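Assemble chain V onto chain G, guided by the hints.
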Amino acid sequence: MPDIRSLDYDVVVIGAGGAGLRAAIEASAQNAKVALVCKSLLGKAHTVMAEGGAAAALGNVMGEDNWRVHFRDTMRGGKMHNNWRMAQIHAQEAPDRINELEAWGALFDRTPDGRINQRPFGGHTYSRLAHVGDRTGLEMIRVLQDKGVHSGIDVHMECTIVRLFVAGGKIAGALGYFRETGRFVLFKTGAIVLATGGIGKAWQITSNSWEYTGDGHALAYEAGAELIDMEFVQFHPTGMVWPPSVRGILVTEGVRGEGGVLKNSAGERFMFRYMPDMFKGDFAETEAESDAWVQGERKKNRRPPELLTRDVVAKAITKEIAEGRGSPHGGVFLDIASKQTPEFIKKKLPSMYHQFKELAHVDITKDAMEIGPTTHYVMGGVKVDAETQESTVPGLYAAGEVGGGMHGANRLGGNSLSDLLVFGRRAGQHAAATRGAPGGASIPDAEVERAMREALEPFERDGENPFAVQSALQAVMQRNAGIIRDKAGLETALSELEALKGRARTVGITGSREYNPGWHTAIDLRSLLVVSEATARAALERTESRGGHTRSDYPDSDERQAREQIVIKKEGDRMAVRRETQPALPADVLKLIKEGT
Amino acid sequence: MTEQRRLRLFRGTRNGGELKDYTVAAGEGMVVLDAVHLVQAEQAPDLAVRWNCKAGKCGSCSAEINGKPRLMCMTRMSDYPADETITVMPMKAFPVIRDLVTDVSWNYKVNARIPAFQPRAPDFPDGTWRMFQYEVERPQEFRKCIECFLCQDVCHVLRAHDKHEEFMGPAMLVRAAVYEMHPLDEADRSDHLRHEGGIGYCNITKCCTEVCPESITITDNAIIPLKERVADQNYDPLQWLWRKLTRQ
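Order-wise, the sequence lines are chains G and V. The first sequence: position 384 = 625 (my numbering), numbered continuously. The second sequence: position 106 = 768 (my numbering), numbered continuously.
Just chain G, with the same shape it has in the complex (with noise of 0.2 Å):
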């Protein structure tokens, strides 16, 4: 083998956020010895960003909450296409992984008895994040990350792995390169987790950073692992929209959570307009009786309207900025300031004051902020068992926000790092218990030097610039496959990858390999169009609309498709399409989520 170093681990975790992160110290703690690779400085993965919080039926605020009411919600707010077995599990195991991070050191904010608060959020019935200010993920990260430097976890920063290796029908290995050198590094193992995150960076307007280019979702595809649900994407309701250098940063729901309501241009709070009938009668029906439960009666009140979930509420404010109720810049007003005090505002939500003051020179405890929706999760992704998180290829596991199924057809905010936590350990502890296994076939060399062959192509090319190619495939997603879709868009989005793929073969880099950000993005580029034409491919397979997927042409939900998965499976040079229905809910469980007992 050509210049290569080569390193042999019983577990490697691809990505550093909150899943790998907690799949790496659990690996370490069953005695694996693990390597943690990420693509960015440890620390600074998405989790980062996380804000409102994490949610676990504790019943610290709420003694009624348990995981029987945080599954339905969940369930319900999944519009039913949840793996059952998955948001089960999740429910039933956040609380203690929420204590355990106190055990590690986390300082969450405190009820007045001393225990972990848990503020509301969107389609949780009860108080269930426990929250840090608006800064919940990086107290997680740090947390996460002093426990796994102290658990004797090699971290590869700043390496990108840009191919997986299958011998003898097993995970082998994988390849990645250094930023710093540009020089690969073979990892040789029989167990890999993938903790790799989403896929935002495929849209215009993002909450998400550079790394979310669905690397992950990609590099099981070509390995021959399924995905599914691919055409569940999160819009967020609340982006930034001015001015437009920040547009599509990420407005934590936790404003939401703490007061703040939405209006628009008429100074009307519309939401009242959009209760969907699932969830009549659990939501305030007035003003006064909103106001109320925010003041904190919430015994007698229900919840704002503010607080339905993520995808009723952002097609919500796409419907009154496309009737002409917008603000001035294109979205819709959140205000908090005529709700709150500032000192409130400033405790609770500080990082929201200190954005919004410093990026739009907007007071948000004087006055509305402008938003609108923002690309921000992935509901679908890698196709998982439920109980170990292993994918359809034998030694591949997936966790986090690059997993499938848990979420269904919509994520409930909250629901996000508590899965990190409960399936990052599942992942890193099944991993681990493949060692000692019979090892699989080793890495033909040819492969690996194919692999490095095709990622230093560009290279030899004096093609187009890489992040011309890129902007143009995020402009045809935030076009076709966005908020609101159709067949004609979906096909155009189809047609026009396809073009793209023909100039990402094309790109030139000019430069070294040291640190270069040309060929960073030209390697990324082959994980976005992979992750582009899911997508668009499952998107224009389901007919109906669901959660994050709404079309236009098929405006209803169709229970006929509520238990049907869209799986993505690479054969041959073709990415093929096909439906599979889910098991049926077991009796009790149907029962649970019908009539909440």
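Among these hints, one or two may not hold up.
[As the list claims (entries may be wrong)] In the DSS-like style, the derived pairs of lysine-lysine whose C-alpha atoms are separated by at most 27 Å in a straight line are:
1. V:LYS868 / G:LYS598
2. G:LYS274 / V:LYS771
3. G:LYS588 / V:LYS806
4. G:LYS607 / V:LYS806
5. G:LYS274 / G:LYS429
These aren't lab readings, by the way, just hints derived from the structure by calculation. All values reported here derive from a predicted model rather than from experimental measurement.
Same frame as chain G, now just chain V:
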């Protein structure tokens, strides 16, 4: 509304480099990181810059903008007069990898050596503790740290005197302060802070506090109390006598 703005960026490696001039069309509300990205997308695809969140939450895009250590994503172009050239340099206290990207791995090594969190036994049989808001607020201030390392960059002990081997720097003192002031923690880090951490090198010039984008009161709330702790443990004659007696 766009206007032509002049940027001067460092291009080079740890072996040296040069300042290069670029002109970009800056739109309303644009921050310095946006302008650097425009250069990268349109004029120099190999321009190296580190960034993630673009919202002041991850601390990746630290640099020196017209001589001041700042986050590029939180510095608006309109903070500078339209005719002023905006010069962006990599952080000086760390070795350059390429262009605006520096090698900050030293911080991670220093952090790994800080003695780990050690909680007291749980207060209740279910393994939980009780802590009150007034108790957690002090360490919560330090947990706001986004590890941008701007305080390390501005600290003269590291920046001018290159004492990376002997002094852990303000960012890592803040990191130690989280656990030292954590209501549940029982570990004693004063020996570590005094010897390996070199806390005595800090002479309280408060430059770190000034540059902190999270407004953490680094010197007053983290470093000075840690210095007092170290002094109490090592220089208080009564404590010295007590230790002497109890050891025998």
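Against the structure, the hints:
For a cut-off of 27 Å, the pair hint linking LYS868 of chain V to LYS598 of chain G stands: about 25 Å separates their Cα positions. In summary, the hint linking LYS274 of chain G to LYS771 of chain V is supported, as the alpha carbons are separated by about 20 Å, within the 27 Å threshold. The straight-line distance between the Cα atoms of LYS588 of chain G and LYS806 of chain V is roughly 13 Å, inside the 27 Å bound, and the hint therefore holds. Note on LYS607 of chain G and LYS806 of chain V: the hinted pairing holds, with a Cα-Cα distance of about 25 Å set against a maximum of 27 Å.
Taken as a hint, the LYS274 of chain G and LYS429 of chain G pair is honoured in the structure, with Cα atoms around 12 Å apart against an allowance of 27 Å.
When each numbered hint is compared with the structure, no violation occurs for any of them.
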